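Heads up: the protein sequence lines correspond to chains A and B, in order. Under the numbering used here, the first residue of the first sequence is numbered 1, with each subsequent residue one higher. Under the numbering used here, the first residue of the second sequence is numbered 1, with each subsequent residue one higher.
To be clear, the hints were calculated from the coordinates, so they are not data collected in a lab. Since we're looking at a predicted model, the values are computed, not measured. Among these hints, one or two may not hold up.
Listed below are the simulated DSSO-like cross-link pairs for lysine-lysine, each with C-alpha atoms no more than 30 Å apart in a straight line [stated by the list, open to error]:
no., chain 1, residue 1, chain 2, residue 2
1, A, Lys163, A, Lys218
2, A, Lys145, B, Lys76
3, A, Lys163, A, Lys274
4, A, Lys145, A, Lys218
5, B, Lys76, A, Lys163
6, A, Lys145, B, Lys9
7, A, Lys218, A, Lys274
8, A, Lys113, A, Lys274
9, A, Lys274, A, Lys354
Far from chain A by the CB rule (all over 12 Å, computed), these chain B residues [what the hints assert, rightly or not]:
no., residue
10, Lys9
11, Val19
12, Ala82
Here are some of the chain B residues that sit facing chain A, going by a computed Cβ distance under 10 Å [to be verified]:
no., residue
13, Pro37
14, Tyr39
15, Ser45
16, Ile51
17, Ala52
18, Glu56
19, Asp72
Think of the CB as a built atom: it goes at the ideal place given N, C-alpha and C, for glycine as much as any other residue.
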Amino acid sequence: MGLLREELSREGITNLDVVAEGVARGIAAEAAADPLAFYDMFTRGGTDVEATLVAPSGDEASCIVFSQNVYLGLHRHPTLVARVQEAVARYGVTSGGSPTGGGRCMLHMELAKRLAARTQKEAAVIFPTGYTANVGALSSLPNRKDLIIMDHESHASMFDGVKLSGARWLVFRHNDVADLEAKLQLAQGRHPNVFVAIESVYSMSGDVAPVREIVALKRRYPFYLYVDEAHSFGIYGNQGGGYCATQGVQDDVDFYMATMSKALASSGGFVAAKASMCALIMSGTGAYFAHAAMTPASCAAALSALDLIEQEPQHAARLHEHAGYMRARLAELGFDFGASVGPIIAIVVPDQDKLYELAARIRHDGVFALPMTFPVVPLDRGRLRFVITAAHTRQQIDRAVDALSRHARELGLLQREVAR
Amino acid sequence: MADICTAGKSVDDIREWLVAAVTQRQRNRVPIVTSQPFYMYEVDSVERVSIAYELEVWLGREVSDSALVEYDSIDKLAAYLAEQ
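My request is simple: use the sequences and hints to build the entire structure.
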């Protein structure tokens, strides 16, 4: 719908009421064509792996859900649930205010220490969401004269943060180290500070950043490295330390950001860094000091998840087994899932009509995955995005692959079918 | 990328530079028609900011990314910048 708004603007239609009515009509038309088409859909069962999807129209479909990020399936773990119940009984259901207004309790302080230790940094700043963590850090760290160079596929929250900073920014081609180096060369001597901001595992593609090569550039060009590990924290590395830890470059990451709503089965986000940098972030962004603090229940869930990741490594092992199994089956059938390597498997379907058709058909068979289209992904790289979790079963994955195989074949989407 | 240049550039110089900048951003390289708007060539709002920055370094003077919205084709932008 953002594109529709741009189109209206190009046609000279800028009156807010007219624009709002145009966008609302566009959403209604999409909903009428397919009531369960993603925009306003919600689930009846919350984070159940098998849930009933409900449209505002009342239409329903029971599906295996492959769109939620609870990677380790800890969200209903009895130990975690009990710890949350205990926290609610002891601290109440709300934080009661911002971190600087008495909104923190002992759980916040313990969580910040644990996150810093897990990411091998001096300190950590906790935010109410991952989104606000990126917005808060990237808006407060750069000065107006600084430059931020970002991967083109970076999360929307990173773009919103840098825009809010007032600093100059530009993008390099996704995972293209040579293009990043060209941008660093271009910027040399022009800015007091340069930041390079990337994700370690990209949410739209499921591929990983060439972090060793990017870190190697630090030897030739001075820059601060900001890494969003939202899709790797808790599931990669020793005790879930993240993807950079597996590549041995943890110490070269100046700012380590992650969310707690994925592997940690909670909500909230954090940025870990040198203590002085954390102080700079805390004092520099309203996303921290003017925002209601994370609830005690969320802190308790995150703390419990950190314990469980240490004590029960079987959840991460199961997740990777599931992802490997589904990827192997899809590869055998001839699906193109780009360079994705982890639990995000993004099946590339360049034809947008066929992509939506495939999503609707598998949903009809009880399998739900989100289609991603331009401008979220490049024009010719639309994809059907599956997020695998440890809570899925092998049978559920088989059901999804079987449905995909049948409908993709009928739609002429399988590479091997095309080649025959 | 060209070095910082303080000398003036002609419309043709700027047009040529813009064609190269837009071409290198396309995944599916199609011939550029310089009168067509940028959005026809995968130049989204994010790329507009990057092009403005690179253009600024090349021209040696400030270029706002809003210039790529107001002058939304290579021809229009080149003419505007050459007149500055």
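Results of checking the hints against the structure:
no., hint, verdict
1, A:Lys163 to A:Lys218, "24 Å, holds"
2, A:Lys145 to B:Lys76, "29 Å, holds"
3, A:Lys163 to A:Lys274, "24 Å, holds"
4, A:Lys145 to A:Lys218, "20 Å, holds"
5, B:Lys76 to A:Lys163, "26 Å, holds"
6, A:Lys145 to B:Lys9, "26 Å, holds"
7, A:Lys218 to A:Lys274, "18 Å, holds"
8, A:Lys113 to A:Lys274, "13 Å, holds"
9, A:Lys274 to A:Lys354, "48 Å, violated"
10, Lys9, "17 Å, holds"
11, Val19, "18 Å, holds"
12, Ala82, "22 Å, holds"
13, Pro37, "8 Å, holds"
14, Tyr39, "8 Å, holds"
15, Ser45, "8 Å, holds"
16, Ile51, "9 Å, holds"
17, Ala52, "8 Å, holds"
18, Glu56, "9 Å, holds"
19, Asp72, "8 Å, holds"
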